[in-house]
Amino acid sequence: MAFGVYVHVPFCATRCGYCDFVTYALGEWGGATLEGYVEAALGEIGLARRVLGGGSQVNTVSHVDTVSQANPVFHVDTVFFGGGTPTMLRPEALVRLLDGIRDAWGLADDAEVTAEANPDSVTGETLARLAGAGFTRVSLGMQSAVGSVLATLDRTHGPENVTRAVEGARAAGLDVSLDLIYGTPGEGLSEWRETVAAALVLAPDHVSAYSLVIEPATRMGAALARGEIAPVDPDLQAEMYEAADEAFASAGYDWYEVSNWAREGHRCRHNLGYWTGGDWWGVGPGAHSHLGAGEGRPATRWWNVKHPLEYGERIASGASPEEGREALSGEQSRIEAVMLGVRLREGLDAAALPEAARDALPALAGDGLIDEAALGEGRLVLTRRGRLLADVVVRALT
Amino acid sequence: MPADPNSPASTPQAVIRNFCIIAHIDHGKSTLADRMLGLTGVVEQRAMREQYLDRMDIERERGITIKAQAVRLPWKVEGVDYTLNMIDTPGHVDFTYEVSRSLAACEGAVLLVDSAQGIEAQTLANLYLAMADDLTIIPVLNKIDLPAADPDRYAAELAGLLGCDPADVLRVSGKTGAGVAALLDRIVREVPAPTGDPDAPTRAMIFDSVYDTYRGVVTYVRVVDGGLKARDRITMMSTRATHELLEIGVISPEPKAMKGLGAGEVGYLITGVKDVRRSRVGDTVTGAARQATTSLGGYRDPKPMVYSGLYPIDGSDYPDLRDALERLQLNDAALSFEPETSVALGFGFRCGFLGLLHLEIVRERLERESDLDLISTAPNVVYTVTMEDGTSTTVTNPSEFPEGKIREVREPVVRATVIAPSEYIGTIMELCQERRGVLQSMDYLSEERVEIRYTLPLGEIIFDFFDALKSRTRGYGSLDYETIGDQAADLVKVDILLQGEKVDAFSAVVHKDEAYAYGVRLTDKLRQLIPRQQFEVPIQAAIGSRVIARETIRALRKDVLAKCYGGDISRKRKLLEKQKEGKKRMKTIGRVEVPQEAFIAALGTYDEPQAKGKK
Chain A
1 MAFGVYVHVP FCATRCGYCD FVTYALGEWG GATLEGYVEA ALGEIGLARR VLGGGSQVNT
61 VSHVDTVSQA NPVFHVDTVF FGGGTPTMLR PEALVRLLDG IRDAWGLADD AEVTAEANPD
121 SVTGETLARL AGAGFTRVSL GMQSAVGSVL ATLDRTHGPE NVTRAVEGAR AAGLDVSLDL
181 IYGTPGEGLS EWRETVAAAL VLAPDHVSAY SLVIEPATRM GAALARGEIA PVDPDLQAEM
241 YEAADEAFAS AGYDWYEVSN WAREGHRCRH NLGYWTGGDW WGVGPGAHSH LGAGEGRPAT
301 RWWNVKHPLE YGERIASGAS PEEGREALSG EQSRIEAVML GVRLREGLDA AALPEAARDA
361 LPALAGDGLI DEAALGEGRL VLTRRGRLLA DVVVRALT
Chain B
1 MPADPNSPAS TPQAVIRNFC IIAHIDHGKS TLADRMLGLT GVVEQRAMRE QYLDRMDIER
61 ERGITIKAQA VRLPWKVEGV DYTLNMIDTP GHVDFTYEVS RSLAACEGAV LLVDSAQGIE
121 AQTLANLYLA MADDLTIIPV LNKIDLPAAD PDRYAAELAG LLGCDPADVL RVSGKTGAGV
181 AALLDRIVRE VPAPTGDPDA PTRAMIFDSV YDTYRGVVTY VRVVDGGLKA RDRITMMSTR
241 ATHELLEIGV ISPEPKAMKG LGAGEVGYLI TGVKDVRRSR VGDTVTGAAR QATTSLGGYR
301 DPKPMVYSGL YPIDGSDYPD LRDALERLQL NDAALSFEPE TSVALGFGFR CGFLGLLHLE
361 IVRERLERES DLDLISTAPN VVYTVTMEDG TSTTVTNPSE FPEGKIREVR EPVVRATVIA
421 PSEYIGTIME LCQERRGVLQ SMDYLSEERV EIRYTLPLGE IIFDFFDALK SRTRGYGSLD
481 YETIGDQAAD LVKVDILLQG EKVDAFSAVV HKDEAYAYGV RLTDKLRQLI PRQQFEVPIQ
541 AAIGSRVIAR ETIRALRKDV LAKCYGGDIS RKRKLLEKQK EGKKRMKTIG RVEVPQEAFI
601 AALGTYDEPQ AKGKK
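Those protein sequence lines, which keep their order, are chains A and B.
Using the numbering used here, read the first sequence as starting at 1 and increasing by one per residue.
Using the numbering used here, read the second sequence as starting at 1 and increasing by one per residue.
Looking at chain A on its own, in the form it has when it is part of the complex:
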């Protein structure tokens, strides 16, 4: 049974003004250390192995309540190191964690193993060592090719770092994905086109493009509240999305999820696992996990405590790092399946939708939100306009 492992590395050199992720910049660690983090994460991997399968002893953590002993043995198809900045860790540490996962469950021969990296935090040497240890893919936070936009985003790298990082990854034989952000205050359509073109020049295997969301509890959110920056114009973001989709498509990158494009055979399997109801264990502070419904247990999501210090203490004392959990009702699982599946190129099976949702389909097609031709073949697939209004479609279907 396919299974993913996500490893959250909650450390950054500095916190970017727009970031609301679980991460701690230098000076916010409160006594946590990278070494301590690695030991704790390895400890959680051991815990996960005992809980999920092959476990020979009944243990005291709460997860055991929800996971039947009759579980099939998991093997790991995808691993994703995200953050934070995973490359804050030395390559040996990343390799130790991957080895830990391999020791616990075994890695599939064709396993996809991704590390996120800041363009200025990796060297060719680092990337070569990761590739040698089994990493297959690197996801680089390029964000923009325009200096002023990078500055607004508080990014520490410049366009030249991205080129070097991509070259290093290629030399190491790694797949390359680039993350881009559009709609940064001060960024116009022409700057965005420049970024998209620059990304395509680097010939990555995969691109993600996200519209900037300014969350209130961030520095940028505070600046917005003080009126120092202008709110993001959703109409401009729509134009930017359309421009990017156009450019990616004509360069041979097909959209396969609302914010993701890939060359044939290079879709991110780990992320697809999130969107298709797959099982994964999230290791590390603030990481989320999901296990689908099984014999005698409901589908369950849970998440870990956020601070690395508390996380480490819990693991060290043999306790679960779990902070909270929710058991999903059948209805909730169904809503999630629609909410996530509708964002995919494959879309949803129209016949499997409840009657009320099916009744909404002609109007959605009439508004140009879902593809008429695909609907004729029983699939609900968003049009480009529909992708930009995916939440409208989801609300109509749920």
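Rather than coming from a laboratory, the hints here were simulated on the basis of the structure.
When the alpha-carbon atoms are kept at most 35 Å apart in a straight line, the in silico DSBU-like pairs for lysine-lysine are as follows:
no., chain 1, residue 1, chain 2, residue 2
1, B, 578, A, 306
2, A, 306, B, 583
3, A, 306, B, 572
Below, a sample of chain A positions facing chain B; criterion: calculated Cβ distance under 10 Å:
no., residue
4, 21
5, 208
6, 211
7, 258
8, 259
9, 290
10, 340
11, 367
12, 368
13, 387
14, 394
On a predicted model such as this, the values are computed, not experimentally measured, just so you know.
Positions of the beta carbon are idealized from the N, C-alpha and C atoms, including for glycine.
Position chain B against the provided structure of chain A, taking the given hints into account.
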């Protein structure tokens, strides 16, 4: 409480004095009344609450009096024990009828005027009512302790109005008590004793009727002829309904049951009825066994002049709103309501009120006493629409204004009196002109103060006229009005359409010349308030099929969360569940989903009148 030397039911009319106090809301009537309670000994100093006679919280907070009370006060002059009945009068324009009934229960009136402000329009109107009833007027300037007091100036003003000598104007301070004893003496000397016939068939006038949760309806009466005794059977002359007097008594200042009430006396009755509409203000009570042949006259049904839709913000509160309205009606014979449905606001009630203050009081009591969050539509007056074919319709809800060939629309008209410093004549005339007013007359009360009389359409003064008057006269202008009939006017109904569908809550009857401005204002407001949809939404204002204003809500182009990875899923699903919950509060007009909040905010255009009663 000292013993009352004169006992009810056996007090000779010669020692009875019935009087009321005519005053503007903040001229200190309640403070003076409290002072009289203390001075006559019916309330001991330590039991004194400020403004003892104002019973309801709202009254206390706003410093105004809604329900009249009657208090029996003993007072001795030159060795003779007198019985004074002080009848408190409501002070607002909406309650003119109640005022007139209170006045009719008295032989005299204290005209109380703030010695720093002078007489106000409503006080003047009530003074004219009292003079028309031949009441003896005792002019009194209050608040002489204030640094800003200018008693000489206002004594001259009152003397001019009453045709008396300025020296006859008493000067008192309710706050310090100065002059209050002299005022009581003067009431005894100048106000005539009642002159009813104690042996004639009983006639008593109801001047107030209050619902009490424990006792049912408490009815305040002035006995004119004959007398009433506990256990008597009585008949209401307007309805011929007969009740038994379960209790009869006087207020001094707490209710106290007595054997009965004699001619000239004032007190209360309890018959066990549960609804004030069965014991109406202005009606005449007579004995069931020995009935009077003619009533005291002056009774009239309260007639709603202003209508507004009241809707619960939470639709599930509808039954609670109905219960609350029914409960209020027990105590408010003038309140009328019937269910109505609005596309924009859901289920609610169309309610009829005497006027704007009445509307505000009802609304506030509903929210306060029943814990309901309410939205009210813009108030409107009653129109009579006659079609070309001669059929005629009474319109109490603008959305029901008839379509088709209209011959004539008639609207209620009032005679409005404004009193203000003369420097504001220009701005007041400008305001009245804007509201389609016609100047009737103008008189100087003194060198600095002027009384201006206009006829105005009632519909033009119920929105925000009073606020506009106050702000344009820096708070010095006062207003009184009375309805005097109706007039034909060039009125049209403006509808607001969302994607071609009418939004009933915003239909308004306005003068033809104002229709365009109304349309522009509402369409612009809604454009700002209604969230963008995935399609373009036109908002139009139209008279019949003719569009007079148009705005467009541009189509929404982007509504998608960019990222949705492992850690985002729970949060995103919960957001979706919340949105689904919120969808229940959405109103769908055509295909347009509008949050109820948008309608509420748009109706807020007319929020100004709600601030009116507050000082």
